[in-house]
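Protein chains: 4
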Amino acid sequence: MNDFTLQQKVRFQHCDPAGIVFYPRYFEMVTATVEEWFAQRLGVPFETLHGPLGAAVPTVSMTVEFNAPSRLGDVLEFRLRPARIGRSSVGLSIAAYCGAEKRLSMESTLVFTRAGASKPDSWPEDLRARISREIDGQ
Amino acid sequence: MNDFTLQQKVRFQHCDPAGIVFYPRYFEMVTATVEEWFAQRLGVPFETLHGPLGAAVPTVSMTVEFNAPSRLGDVLEFRLRPARIGRSSVGLSIAAYCGAEKRLSMESTLVFTRAGASKPDSWPEDLRARISREIDGQ
Amino acid sequence: MNDFTLQQKVRFQHCDPAGIVFYPRYFEMVTATVEEWFAQRLGVPFETLHGPLGAAVPTVSMTVEFNAPSRLGDVLEFRLRPARIGRSSVGLSIAAYCGAEKRLSMESTLVFTRAGASKPDSWPEDLRARISREIDGQ
Amino acid sequence: MNDFTLQQKVRFQHCDPAGIVFYPRYFEMVTATVEEWFAQRLGVPFETLHGPLGAAVPTVSMTVEFNAPSRLGDVLEFRLRPARIGRSSVGLSIAAYCGAEKRLSMESTLVFTRAGASKPDSWPEDLRARISREIDGQ
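Protein chains in written order, with this note's numbering: chain A, 34 to 171; chain B, 34 to 171; chain C, 34 to 171; chain D, 34 to 171.
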């Protein structure tokens with residue numbers, strides 16, 4: 034299966050006094066990419082995950098490189114690919130490109146949690162199956 | 034001319050612990066709407082306005098009603114209509130709807146400024162002409 | 034009783050490519066001011082309000098003037114004064130100053146709501162009493 | 034020399050629908066910590082760095098662990114320690130604690146750049162000297 038992709042435009046709200054994307058704003062775009070991957074590829078929109086399912090998928094660790102700065106008006110393509118699945122975790126490889134230029138690359142680990150619980154919980158079977166299919170299909 | 038419209042989805046980043054849009058985040062969506070209106074209707078993308086033109090269009094006043102709360106996953110339609118133009122200002126009427134339900138309505142005033150100047154400046158003639166056409170064409 | 038005041042420094046995260054505070058960020062500072070007013074003057078920290086009390090105080094309307102731009106490093110004094118209380122609402126007058134210069138002035142209306150309810154609810158008696166005392170004591 | 038520390042309270046603006054800090058907001062707090070370190074320990078406030086000096090210190094890479102979630106009202110102590118200095122870079126070790134509990138730990142690399150330049154530039158001598166003293170004095 035191909036990488037999941039989402040186009041996002043660099044807006045005024047993302048840019049700092051140096052005229053480039055303020056790096057915390059990249060992670061809002063990354064979160065939007067993860068949201069759309071859950072909705073479009075895994076069949077579980079975040080409003081379902083955080084609502085009826087009473088769950089969440091917090092990020093527990095990440096390694097990031099900001100390869101080149103992005104500027105107001107740039108259209109970035111975010112590419113997401115699941116790299117591995119654990120009992121309660123998933124490892125994601127995410128990159129952002131403007132044309133052929135890589136702007137950001139990251140590896141992050143998310144865990145499945147249930148509201149009120151203090152520990153990560155096992156993936157529900159259907160979610161596990163869908164994520165595994167995404168990994169195997171690559 | 035019809036209202037300028039922009040669809041925007043309520044994302045995780047917009048929502049607060051009460052599960053609804055945290056109102057400052059609405060103004061990021063409003064700014065995105067103004068940006069696209071400048072780009073698509075006035076022919077001046079924000080990257081041109083803030084870059085080569087050395088200008089900005091800060092908001093100087095606004096009146097806002099938050100008519101009903103918005104939730105994660107809602108798709109909002111932002112509608113923008115210029116209401117009046119002054120020497121250096123423009124008055125905008127902006128509303129956000131989720132289906133038929135109004136979520137936000139606001140009147141705001143923006144002014145044209147040049148980098149380094151302490152006072153608003155007159156609209157450049159081409160921008161004034163385009164904004165006026167948007168108002169007259171309604 | 035005197036206005037409630039909170040000093041907040043304009044940080045990198047608040048500023049836009051024009052080098053001034055991006056107006057949605059002002060409302061994060063305004064919310065911090067309201068939070069501290071609830072905690073310090075009304076005796077109900079937001080973590081209690083949104084946690085054990087299962088309540089929220091969303092903003093339903095506001096009128097704002099951005100009197101002058103604020104820049105990176107400016108220390109702003111936010112001043113909050115409750116102007117009126119209704120069955121389930123409170124009207125607040127808020128201003129931000131940098132030294133003697135007014136940067137922002139606003140009137141906003143907040144309402145008391147309970148989690149899951151679709152309508153505003155009456156103020157709990159103790160909160161009503163404390164807000165009223167803040168108004169009368171001025 | 035001791036770690037540089039900055040207390041920051043988890044506010045409503047930082048929290049997500051799961052009631053915990055939305056991780057991109059941590060990086061706003063991290064940036065505030067870096068700002069205050071530059072101002073208080075290196076003697077170069079960000080308004081000087083980005084203004085008269087015409088410079089910036091973008092983050093080029095980082096590794097982060099979110100050790101435990103933070104909630105509304107938590108007071109976090111951010112601890113910053115420079116770990117190494119290069120020709121144009123500095124490596125920072127940053128952690129956030131709530132009491133004795135570690136919430137976040139990260140290693141990040143920042144580079145010194147001049148406005149308009151496409152490559153990192155050498156540290157000005159005074160900044161290099163101050164950073165080196167911070168490292169040696171530990």
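If you are wondering where the hints come from, they were derived from the structure by calculation, not from laboratory data. Computed from a predicted structure; not experimentally measured. Careful, some of the hints might be misleading.
Note that the list lumps identical chains together, so a pair holds whenever it fits in one copy or between two copies.
[Stated by the list, open to error] Here are the simulated lysine to aspartate or glutamate pairs, DMTMM-like style, with alpha carbons at most 25 Å apart:
1. 135 to 159
2. 42 to 134
3. 152 to 110
4. 135 to 80
5. 152 to 169
6. 135 to 110
Evaluated hints:
no.	hint	verdict
1	135 to 159	neither (34 Å within a copy, 34 Å between copies)
2	42 to 134	within (15 Å within a copy, 27 Å between copies)
3	152 to 110	between (34 Å within a copy, 24 Å between copies)
4	135 to 80	between (31 Å within a copy, 20 Å between copies)
5	152 to 169	neither (27 Å within a copy, 40 Å between copies)
6	135 to 110	within (10 Å within a copy, 32 Å between copies)
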